[in-house]
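Protein chains in written order, with this note's numbering: chain A, 7 to 452; chain B, 58 to 316.
Source of the hints: derived by calculation from the structure; they are not laboratory data. Where is the CB? At the ideal position from N, CA and C, for every residue including glycine. Treat the hints with care, as some may be off.
Said to hold, decoys possible - Chain B is nowhere near these chain A residues, computed Cβ spacing over 10 Å in every case: (1) Asp80; (2) Leu240; (3) Ile420.
Stated by the list, open to error - For the chain A half of the interface with chain B, some residues (derived, Cβ under 10 Å), not all of them: (4) Leu37; (5) Glu91; (6) Arg136; (7) Gln153; (8) Arg154; (9) Gly155; (10) Trp204; (11) Ser228; (12) Asp232; (13) Asn235; (14) Leu252; (15) Ser298; (16) Arg381; (17) Ser421; (18) His451.
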Amino acid sequence: MRISWITGAVVLGAVGTVAAAEPVAADLPWLPPEIETPSEDASEPVSARDPLGLRAQVWWQRDTLRDAATSHSDRLRLVLDLRREWHWDAAWRAGVSGKLEHVFGLDRLARDQSDDTQHLLLRELWINRRLGDPSRLWFVDVGRINQRGGTGSGYNPTDYFKARSVVSATSLDPGALRVDRLGTVMLRVQGISTFGAWSVALVPDLSDRTFEADADHRSDLSLNLDRTNAEPALYARIAPQISERLSLDVVAYARSQQKPQLGGNLSTLINDSTVANLEWSGGRLEGLPGASGERPDPAWRNRIAANVTWTSATGIELTLERNYSGDALSRDAWRGWREIDDSEQGRRLRALIAERASLQEPLVRDGWFVRAAWRDAWQVRGLHLSSFALANAYDDSALWQFTSEYSPDDHWTISALIGRYLGSHDSEFGATGKSGYYAFYLTRHI
Amino acid sequence: MSKHPVQWFACGLLFAASAAASPTPQQMLEAADAMRNPEGDFSVHIDLVEYRSGKQVATSALTVFSKPAEGSGQYNSLVRFQRPQRDAGKLLLRNGSDLWFYDPASSASIRISPQARLLGQASNGDVTSSNLADDYDAELLRHESIADAAGTKRDCALLRLQARNTSVPYPRVDYWIDESSLRPVKAEFRTAEERLLKTAYFRRFEDHLGSERPTETVIIDALDASWITVMRASDYAAREVPQSWMQRDYLARFGGDTE
Numbered sequence: 007m008r009i010s011w012i013t014g015a016v017v018l019g020a021v022g023t024v025a026a027a028e029p030v031a032a033d034l035p036w037l038p039p040e041i042e043t044p045s046e047d048a049s050e051p052v053s054a055r056d057p058l059g060l061r062a063q064v065w066w067q068r069d070t071l072r073d074a075a076t077s078h079s080d081r082l083r084l085v086l087d088l089r090r091e092w093h094w095d096a097a098w099r100a101g102v103s104g105k106l107e108h109v110f111g112l113d114r115l116a117r118d119q120s121d122d123t124q125h126l127l128l129r130e131l132w133i134n135r136r137l138g139d140p141s142r143l144w145f146v147d148v149g150r151i152n153q154r155g156g157t158g159s160g161y162n163p164t165d166y167f168k169a170r171s172v173v174s175a176t177s178l179d180p181g182a183l184r185v186d187r188l189g190t191v192m193l194r195v196q197g198i199s200t201f202g203a204w205s206v207a208l209v210p211d212l213s214d215r216t217f218e219a220d221a222d223h224r225s226d227l228s229l230n231l232d233r234t235n236a237e238p239a240l241y242a243r244i245a246p247q248i249s250e251r252l253s254l255d256v257v258a259y260a261r262s263q264q265k266p267q268l269g270g271n272l273s274t275l276i277n278d279s280t281v282a283n284l285e286w287s288g289g290r291l292e293g294l295p296g297a298s299g300e301r302p303d304p305a306w307r308n309r310i311a312a313n314v315t316w317t318s319a320t321g322i323e324l325t326l327e328r329n330y331s332g333d334a335l336s337r338d339a340w341r342g343w344r345e346i347d348d349s350e351q352g353r354r355l356r357a358l359i360a361e362r363a364s365l366q367e368p369l370v371r372d373g374w375f376v377r378a379a380w381r382d383a384w385q386v387r388g389l390h391l392s393s394f395a396l397a398n399a400y401d402d403s404a405l406w407q408f409t410s411e412y413s414p415d416d417h418w419t420i421s422a423l424i425g426r427y428l429g430s431h432d433s434e435f436g437a438t439g440k441s442g443y444y445a446f447y448l449t450r451h452i
Numbered sequence: 058m059s060k061h062p063v064q065w066f067a068c069g070l071l072f073a074a075s076a077a078a079s080p081t082p083q084q085m086l087e088a089a090d091a092m093r094n095p096e097g098d099f100s101v102h103i104d105l106v107e108y109r110s111g112k113q114v115a116t117s118a119l120t121v122f123s124k125p126a127e128g129s130g131q132y133n134s135l136v137r138f139q140r141p142q143r144d145a146g147k148l149l150l151r152n153g154s155d156l157w158f159y160d161p162a163s164s165a166s167i168r169i170s171p172q173a174r175l176l177g178q179a180s181n182g183d184v185t186s187s188n189l190a191d192d193y194d195a196e197l198l199r200h201e202s203i204a205d206a207a208g209t210k211r212d213c214a215l216l217r218l219q220a221r222n223t224s225v226p227y228p229r230v231d232y233w234i235d236e237s238s239l240r241p242v243k244a245e246f247r248t249a250e251e252r253l254l255k256t257a258y259f260r261r262f263e264d265h266l267g268s269e270r271p272t273e274t275v276i277i278d279a280l281d282a283s284w285i286t287v288m289r290a291s292d293y294a295a296r297e298v299p300q301s302w303m304q305r306d307y308l309a310r311f312g313g314d315t316e
């Protein structure tokens with residue numbers, strides 16, 4: 007008779023509690039009972055236990071505002087999030103990832119429904135064909151694919167498909183933004199052999215519209231191809247097998263109306279607890295305009311993210327990252343922007359900040375990113391804590407966020423999130439309309 | 058009654074022959090390794106059951122695909138997380154000290170350090186296959202009779218294992234091996250300063266893939282002895298594990314049950 011493994015384990019756990027009182031050899035501590043049923047449970051097809059890949063979320067969010075007249079703004083967010091893959095056999099796979107959300111403004115008693123926003127986001131929809139034999143494999147992917155890249159934690163210069171891909175951000179954690187974003191429609195071919203891997207992706211132009219960052223996106227039920235496929239592009243990557251402790255990949259990217267970019271990622275294990283990463287991208291780029299409106303000429307500019315992650319014996323991970331973006335504002339240019347007192351210049355600065363945020367590129371050249379994460383914090387299974395800070399190295403302003411998640415079982419997760427914009431009123435993060443944000447959300451895994 | 062010199066000589070010969078026949082500490086370690094790890098490519102299902110103060114608090118399940126690494130005597134392993142559901146589909150790739158973690162939600166493979174914790178009390182090295190004899194020098198400390206996991210007294214050789222390099226998670230290991238069966242009985246994992254990190258008991262010996270193997274390892278935390286994890290290995294299967302699986306770019310392509 008088949009016994010549920012979980013039930014069996016719970017029963018055994020209870021038996022074990024009783025067994026704790028039984029005498030054992032003097033030099034032997036109490037040991038739990040033998041596990042009796044996992045083999046039977048393991049014989050079940052894994053797909054039968056897999057979840058549908060569906061998550062339902064309820065969010066309560068509050069933004070605290072610098073505006074003295076309205077101290078805060080509250081929202082209720084309902085989200086249905088789907089991530090699912092189908093593996094029919096070794097040769098064919100398909101995947102879909104998307105999100106439907108409705109955000110209700112809660113600011114006024116007589117709520118104006120025009121404050122509401124809704125999004126239907128198709129993040130990914132692809133089909134994959136596998137060819138070749140295990141020693142030399144080929145994969146062909148077609149569809150909307152989230153092609154991510156880069157070893158950076160807070161900034162990814164070689165993640166060329168990140169630009170404009172985030173439609174609705176619920177967390178400003180760069181790790182979360184990499185996941186909750188639109189993929190790009192492409193044809194991708196990848197080869198994997200014992201010598202390493204290579205891939206080439208061809209991106210078609212599928213939109214006649216030009217993306218406008220300041221357009222009304224409150225009700226967005228389209229495919230958003232203007233964000234991801236407004237111009238044709240070509241992407242190539244090669245990742246040779248070098249050594250056990252060092253990994254390297256080299257990427258190249260060319261997009262219509264832009265100069266080609268070259269990039270590379272290095273990752274190495276320094277010791278048993280420390281990993282170091284270096285990410286670089288270079289190419290001819292225009293610089294950002296200064297307060298006078300003058301824009302530096304196109305020139306070869308580098309973008310770099312270098313980080314070290316250390317893991318403590320208790321599992322706490324600490325990451326320190328230095329970021330550099332050669333096309334962003336220099337210290338002098340940013341000082342010039344901070345001294346403006348003209349409203350037209352202020353409008354231009356806000357547009358510039360919005361544009362850089364949309365591209366997921368830094369506003370100024372030098373920045374820092376620090377992150378701390380603790381999985382199963384205090385040895386409580388399912389309790390995950392993380393915090394990060396993204397700092398402007400010129401004005402010492404920063405964005406700080408702390409997230410706490412607890413999953414008591416496979417079906418529910420309860421989370422809290424708090425963020426603060428720190429800095430003087432004329433600094434990058436101190437000049438934002440919001441001074442901070444809070445959120446509590448409940449997730450049901452289906 | 059005194060013995061004749063010929064008798065003494067015969068006794069000496071017998072002793073020398075017996076000494077020559079008994080395995081060296083390093084050979085005992087190799088024998089215990091061979092009992093824990095099958096030869097060739099294989100897969101094994103692993104259940105982890107975690108207890109606090111005698112109460113079960115968490116469970117997780119994994120499938121491990123292992124392949125002997127060319128030239129090193131070690132294994133490369135691909136670990137697929139099956140339960141809990143929130144971790145289903147995540148992958149851990151281990152090539153020596155080179156570890157990569159893949160999360161299907163982000164479709165990204167990131168390098169992690171051997172110290173990174175993914176499995177609660179069990180370390181990444183605990184669930185992947187490893188031959189201690191390739192990383193440690195063994196010396197015999199003493200002969201000792203200790204209780205095995207069932208409470209039965211076993212005459213054991215207590216070996217002191219000293220790490221040959223810094224890439225292993227435990228610089229020192231005290232390892233009790235049953236002298237008659239060469240079964241691993243108990244291990245104490247220590248820092249270079251002798252501080253005890255955790256204790257492991259090997260039990261539930263069963264025949265799998267042509268040899269008797271310990272299918273349960275009980276891991277006891279040194280700081281909190283009430284924190285115990287039982288690691289149960291089942292469904293051993295000899296199967297080809299292609300070399301292409303053992304690289305980070307394959308993680309996003311791993312088909313799980315359809316492979």
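Hint check:
With a cut of 10 Å on Cβ distances, A/Asp80 stays outside the contact zone with chain B, its closest approach being about 28 Å. A/Leu240, annotated as away from the interface, keeps every beta carbon of chain B farther than 10 Å; the closest lies near 19 Å. A cut-off of 10 Å between C-beta atoms confirms that A/Ile420 is not in contact with chain B; the least separation is 13 Å. Because the smallest distance between the Cβ of A/Leu37 and any Cβ of chain B comes to about 5 Å, under 10 Å, the interface hint for this residue holds.
Interface restraint check for A/Glu91: the shortest CB-CB distance to chain B comes to about 7 Å, inside 10 Å, so the restraint holds. With a least beta-carbon distance of about 7 Å to chain B, the hint placing A/Arg136 at the interface is held under the 10 Å criterion. Proximity of A/Gln153 to chain B holds as hinted, the smallest CB-CB distance being about 9 Å (cut-off 10 Å). The beta carbon of A/Arg154 comes within 5 Å of a beta carbon in chain B, closer than 10 Å, and the hint placing it at the interface holds.
For the restraint placing A/Gly155 at the interface with chain B, the shortest Cβ-Cβ distance is roughly 8 Å, inside the 10 Å limit, so the hint holds. Because the beta carbon of A/Trp204 sits about 9 Å from the nearest beta carbon in chain B, less than 10 Å, this interface hint is met. The interface hint given for A/Ser228 is violated, since its Cβ lies 24 Å from the closest Cβ of chain B, which is over the 10 Å cut-off. Given hint, A/Asp232 at the interface with chain B, is violated; its Cβ is 23 Å from that chain's nearest Cβ, farther than 10 Å.
Given the 10 Å rule on beta carbons, the hint for A/Asn235 is violated: about 19 Å separates it from the nearest Cβ of chain B. Interface restraint check: A/Leu252 against chain B, minimum CB-CB distance 9 Å, threshold 10 Å, status holds. With a least beta-carbon distance of about 41 Å to chain B, the hint placing A/Ser298 at the interface is violated under the 10 Å criterion. At a threshold of 10 Å, the smallest CB-CB gap from A/Arg381 to chain B is about 6 Å, leaving the interface hint in force.
Interface hint status for A/Ser421: violated, as the beta-carbon distance to the closest one in chain B is roughly 13 Å, over 10 Å. For A/His451, the interface hint holds, the least distance from its beta-carbon to any beta-carbon of chain B being 6 Å, beneath 10 Å.
In terms of the numbered hints stated before, the structure departs from hints 11, 12, 13, 15, 17, listed from lowest to highest.
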